[in-house]
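Colleague: Spelled out, the chains give:
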Amino acid sequence: MAVDVSTAAAPAPSPGVAGRSLAIDVRGLEKSFRLPGQKIDSLKERVLHPTISRDFSQLRALDGISFEVNQGEFFGIVGRNGSGKSTLLKVLASIYRADAGLVRMAGRLAPFIELGVGFNMELTARENVQLNGVMMGLTRKEAARRLDAVLDFAELNEFVDLKLKNYSSGMLVRLGFSVMIQADADILLIDEVLAVGDASFQQKCADVFHDLRGSGKTLVLVTHDMNAVDAYCHRAILLDHGQIVHEGNPQEVGRHYLRLNFERGETSSAAQASAGGPAVRLVDIWLEDAAGERTNSVELDDDIRLRAIVEADRDTPAPTFAFLLSNADGVHVFGTATQLKREAGEPDLLAAGSRAKVSARILNPLGSGRYFVDFGVNREHSQTDNVIWVSKAADFVIYGTQAQTGLIALENEFEAVIEDG
Amino acid sequence: MSVAVRERDLPLRDVQGPSAVGGGSRRFFDLLLLISITDFKKTYYGTVLGYFWSLVRPAVMFSVLLVVFTQIFRLSGVAHYPVLLLLGIVFFTAFQEVTSTAVTSVVANEGIVRKTQFPRLVIPLATVMTGIFNLLLNLIPVFIFILAFGIAPMWTWLLLPLILLALIGVTTAVALILSALYVRFRDVAIIWGVMGTVLLYGSPILYPFDKAPEKVQTALLFNPLTPIFTQSRQWIIDPSAPNAVAAVGGWARFSISVFVYAAICVTAVWIFRREAPRIAEDL
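Residue numbers (our numbering), protein chains in the order written: chain A, 12 to 432; chain B, 25 to 307.
Incorrect hints may have been included.
What the hints assert, rightly or not - Here are the simulated DSS-like pairs of lysine-lysine, each with C-alpha atoms no more than 25 Å apart in a straight line: (1) B/66 <-> A/152; (2) A/368 <-> A/403; (3) A/174 <-> A/152; (4) B/139 <-> B/66; (5) A/174 <-> B/139; (6) B/235 <-> A/176; (7) B/239 <-> A/176; (8) B/139 <-> A/176; (9) B/235 <-> A/174; (10) A/368 <-> A/215; (11) B/65 <-> A/152; (12) A/174 <-> B/239; (13) A/352 <-> A/368.
What the hints assert, rightly or not - Covered stretches of chain A, as calculated for chain B (at least 3 residues, CB under 8 Å): (14) 107–115; (15) 142–149; (16) 242–248.
Hint data in this document are derived by calculation from the structure and do not stem from the laboratory.
Glycine included, C-beta positions come from ideal geometry on N, C-alpha and C.
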């Protein structure tokens, strides 16, 4: 009984799912835009068409969005282009004003719509870091104090008094990311900024995100890259046409997202079907770990296990299935192909309506970094007669702790000794 | 208690969305100060002669107008006309530079407005601040010139801040109106370019108020800059000149300028508050 009384007496902070307090509480958010092209841009138009402003056609970018994020949670917002995810982020970040609905947050928020936005190229790194800190809500003193931490992380200490216009793009990315990490906000809002920088920088970002998890900070990641969500987030929502179509753990959301994408693909291929369009569809493609669980990362030295399921809409004789791996720079690092495994007497045919599961285990000598998987099916065992080819059907990260030079990690024995003499 | 629960639980607060001054007053003033300082530095770092250039514009304008009005039109009967003209031009240049920079300021900072949580009011205000720095710097040579011209320092010089305050007030108000309207109506830039010329000749700068014909005087009453120029003439240059009220012919007529001034300020606040939340979408 005493427990009941105490919870009733102290309603705030409001309890979230796991008994934790909420960091973000969004209720019934709505936002519409006027469609471009009808925007009145000059007084003349306004004078000539005084009534037009009353019948704009509206685009509903957010249509009744409600969700909660717990403190310390990493939360993903996923959706295709135009699903409303960026609008949602901008409403959360107080850049857009919602037409209706309520947003509540606990603590200081640092939004990062773009790396290094607000950097002034005419100013030095020192001045920019300070300006940026104040923009993130720090006092000028705090901002000055965190300068060293920012520069250390970005490894740019020697360039502190160099104007940003003289920075390379890589240095700018590092500074932008570093400023973000050191913002020391309670809630980080991040939009698609992970997909920048070279592999070693990506690795560093990955490490930072792993560190941030469990530090009590709340992070909202807005992206159309399911792998980032899979790798970092505890929970995610999937947006489509301004509404939440699924909410749950990243794997579930990822499957819904994939389905959403392939459904669209289907409609377009159905249109071409009469013109001899693809006879085979990629139903699913994923990576597995040794235990058979879906994963998006592979440890250095561990095998790469690729899986795909295809379904034939029409008979496809003598199919060949192929995986092609490329690294982040688009260099093809490895390709492999196989034919249908069958018992004696079975026809070499993927019949209409049947499914095939494709599995490949690849010994992994690859260096750490992000890799993309292309998947294709050819017929008549030909090299050129493509039934489908899906570029970047999946991607994954190979991570390892050791710094390494070069594309691949080859096993080697290596020693240096003092020669007796 | 479980370890997973974090040590401090922060309370939920309502998020108000974008506004003119959003994000707390300390952050607002810190940002304003930093942006003004960097703007000011930018103006002078990029050029070889720096500060010198901010003097050139009013100096050239002054020289040309001085020749025109003393050698060609031969305006007579105005005591200390050259210094009066100089002071007027420095004030007017400040007003015009700030307002014409402010027109495009919000649009020019599109990146910040659309991608960060930024109090919108800071942007035009930073333009005003930079203008104030410039004006103060330009007033130094003006006063040297006034002394060199043989005008003895007088106690009314101490009232200069009042004049500056009035000038800064109307400049800020106009800057806010223009910067907010320009986001939606790009014609504003063109209109304001023309208005600059109208205001230069439509203010008692090139001529004192009392030298203007009756009809022109009536028009001048509607210019909120008029009292600023007439009063600065009395306080800074020529104590025998009438004050701002007497010069225009009494309180009734003087109150027209005051009313226009106040109306501009109220309009500025109203327009900017109304437009600020939607600026990011309209850009």
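Colleague: Could you tell me which of the hints above the structure violates, numbers in ascending order?
Modeller: 6, 7, 9, 10, 12, 16
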